[in-house]
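Q: Hey, can you work out the whole structure from these sequences and the hints?
Once you know that position 11 of the sequence shown is 14 in our numbering, the rest is easy, because the numbers rise by one and skip nothing.
Everything labelled a hint here was simulated from the structure, so no lab data went into it. Ideal placement from N, C-alpha and C gives every residue a C-beta, glycine not left out. Misleading hints may appear alongside valid ones.
Said to hold, decoys possible - Derived CB-CB ranges, DEER-like:
1. 241 with 367: 28 to 38 Å
2. 330 with 164: 32 to 42 Å
3. 208 with 100: 12 to 22 Å
4. 330 with 308: 45 to 55 Å
5. 68 with 291: 55 to 65 Å
6. 30 with 308: 26 to 36 Å
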Amino acid sequence: MKKYLIAMAAATAAGAALAQSSVTLFGVVDAAVTYTTGSGDGSAHKTQLTNSGNMFSRLGFRGTEDLGGGYSANFWMEMGLQNDSGQGFPSNTNNQASGNGTAGILSFNRRSTVSLAGPFGEVRLGRDYVPAFWNTAIFDPFGTGGGIGANQIYFSGLGGLVAPTGTRASNSVGYFLPANLGGFYGQVMYAMGENASNSVLPNTLVSNKHDGEHTGARFGYQNGGLNVALATGRTRYASGDLRVTNLGAAYTFDASLMNLKLTSELYKESKGSTDAKGALIGFHLPIGPGEIKASYARYKLEPANAALKPTSSKLAIGYVHNLSKRTALYATIARISNKNGASQALAGAITMPNRASSGTEFGMRHMF
Numbered sequence: 004m005k006k007y008l009i010a011m012a013a014a015t016a017a018g019a020a021l022a023q024s025s026v027t028l029f030g031v032v033d034a035a036v037t038y039t040t041g042s043g044d045g046s047a048h049k050t051q052l053t054n055s056g057n058m059f060s061r062l063g064f065r066g067t068e069d070l071g072g073g074y075s076a077n078f079w080m081e082m083g084l085q086n087d088s089g090q091g092f093p094s095n096t097n098n099q100a101s102g103n104g105t106a107g108i109l110s111f112n113r114r115s116t117v118s119l120a121g122p123f124g125e126v127r128l129g130r131d132y133v134p135a136f137w138n139t140a141i142f143d144p145f146g147t148g149g150g151i152g153a154n155q156i157y158f159s160g161l162g163g164l165v166a167p168t169g170t171r172a173s174n175s176v177g178y179f180l181p182a183n184l185g186g187f188y189g190q191v192m193y194a195m196g197e198n199a200s201n202s203v204l205p206n207t208l209v210s211n212k213h214d215g216e217h218t219g220a221r222f223g224y225q226n227g228g229l230n231v232a233l234a235t236g237r238t239r240y241a242s243g244d245l246r247v248t249n250l251g252a253a254y255t256f257d258a259s260l261m262n263l264k265l266t267s268e269l270y271k272e273s274k275g276s277t278d279a280k281g282a283l284i285g286f287h288l289p290i291g292p293g294e295i296k297a298s299y300a301r302y303k304l305e306p307a308n309a310a311l312k313p314t315s316s317k318l319a320i321g322y323v324h325n326l327s328k329r330t331a332l333y334a335t336i337a338r339i340s341n342k343n344g345a346s347q348a349l350a351g352a353i354t355m356p357n358r359a360s361s362g363t364e365f366g367m368r369h370m371f
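A: Printed below as a string of structure tokens:
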């Protein structure tokens, strides 16, 4: 009997060691004092306390269980925070306008996934980032921050922030290549709109059973200081599909050039009968405990049969001073120029067509 109990205890201990698990609480709190202004008769300016100027504020939980043999089960639950007011960001249930959530409610809008990973790669299920978004996140010097330095193409583009699948997709199934492919990486995604087979647009007989269905892919190569990736995505809508294709590239020099990092992006988008093109160049330059970063972006809408093609460009320059590995102070200045009828403005400001908008922000970011 004693030998049996010892054997059972040993087996239990071995099983516990094999299936090691962990859960991590993480987050970002970011706030800034921001001033933005427009120009021309009817323009407006605003001073405000904003959030997410350097990095989007968030709160999340992630965990993993070691299944042995190189396999693991993982989960990731992450919500956005508007810490200047204590509210949350809305989510979307079906990748369509009808699925938009309500601002102010805390929800796991940023990511909510469960996955199985192993030597084959990773299969991930839930609400997750669409492949094309990663080129914006990685190759823009200002990353995914929501401040005045944020990517002009992403924040005003057809396939950017305003699109239900511009950043993330709900009801998705994704596959990621394993990390041992000699620098090559990639992912594919399919997300469901979850409409009934007999679904139609309101007050019509036009079928919209495929609305909200998203397919996307991203493949790239990273070796030494070089990183380059091509991504594409398509979301189906009865009113006209949304298509996004972008190419990103970056090169980080060695210490002889102060670890300077150059970045660039090219975009091509379409929504129904409207096309759009964009481009961005920028750099990161480490300076002591901080970093200087800058970007210049240009975005042009090309509506079908339109005489004018509204075009806006944005120059942003920022400095981040790291007080520690987790805490930083930052400052950014930015200016948007418009022509051909465009009237893009920095957040909070109103500017007239063909006029400029400018702004400054000073903030603090803490990660945990």
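Q: Would you pick out the hints that fail for this structure and give their numbers low to high?
A: 1, 2, 5 and 6
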